[in-house]
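Novice: Sequence order for the protein chains is A and B. So the first sequence is numbered by this note's numbering: it starts at 5 and just counts up by one. So the second sequence is numbered by this note's numbering: it starts at 9 and just counts up by one.
These are computed hints drawn from the structure, not numbers from a lab. C-beta atoms are modelled at their ideal positions from N, C-alpha and C, and glycine is treated no differently. Mixed in with the good hints there might be a few duds.
[Claimed, not checked] Partial chain B-side listing against chain A, Cβ under 10 Å, derived: (1) Asn40; (2) Phe60; (3) Pro120; (4) Lys145; (5) Leu173.
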Amino acid sequence: MKTIEQSIELLSQIETKRPPAELYDKIRRRVFYFERRFLIQWLIIIILGLFMTIVIIKVVDSNQTDQLLETYFSTNYNLYGYE
Amino acid sequence: MLDEHILISRVAQGDKEALREIYEIHAKKVYNMIFNRFNDQYLADDMTQDVFLTVYDKSITFRGDSQVSTWIYRIAFNKCLDELRRRKKTLRYKSSYQTLEREYDKTLPVSPTTILTAVDRLKQSQKEAFTMVYLDKISQKEASEILNMNIKAFESLLYRARISLQKILSKTKDS
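Could you put together the complete structure from these sequences and hints?
Specialist: What follows is the structure in structure tokens.
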């Protein structure tokens, strides 16, 4: 068992490495990009949500006036660009 | 230890200064844990960044059941396993310790490279246990938690690793 004890003792002499000094700055930058990406994702979700809400309101509105959706949009928004 | 729990809850609230403190405490061990497995400084840099980004991202899910250090080392260990899986290879030690090789005590019966080659021939589970305790210098209790084992089973695994290593080294010496 002496060899193994000596081997382990030898392994303990392996010098531990220090991470480079600028490593935390890289992490800080990645955290910043990560947060920005997170915010942009939320912004997209909110915009899509608002858009869908407006579409649904319009659909409900068109149903109330007994108009087909296509008729509603074509009369209000000139979908086909004839004029 | 309680302070670290407070630090993590501050990180969960987006406190970068707390993240920096957590980094200062654990970066060296995380970096060496990765370096010991891949012997690649650039990979160790990248993966250490990944580990701390995960710490920042997942800090809100930290329940406080374990020590913060154990949680962080487990994240690092899982990233190492992912990388090993990606490379489709098992943990191998290259001759990464040339400095030690040059400086080791010549009166000893074995060289560091011989030992690391012998460690390399251990079973995967024994190798992991041995590496965590003797190369990464993680306490046996923490290492057992990282590997999801109870402490008695871990001690037994480590004991078997030492016995196997002893056998491999004696065979190496004989041949």
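Novice: All hints are to be evaluated individually against the structure, with a verdict given for each.
Specialist: Status of the hints after comparison with the structure:
no.	hint	result
1	Asn40	5 Å, holds
2	Phe60	5 Å, holds
3	Pro120	6 Å, holds
4	Lys145	7 Å, holds
5	Leu173	6 Å, holds
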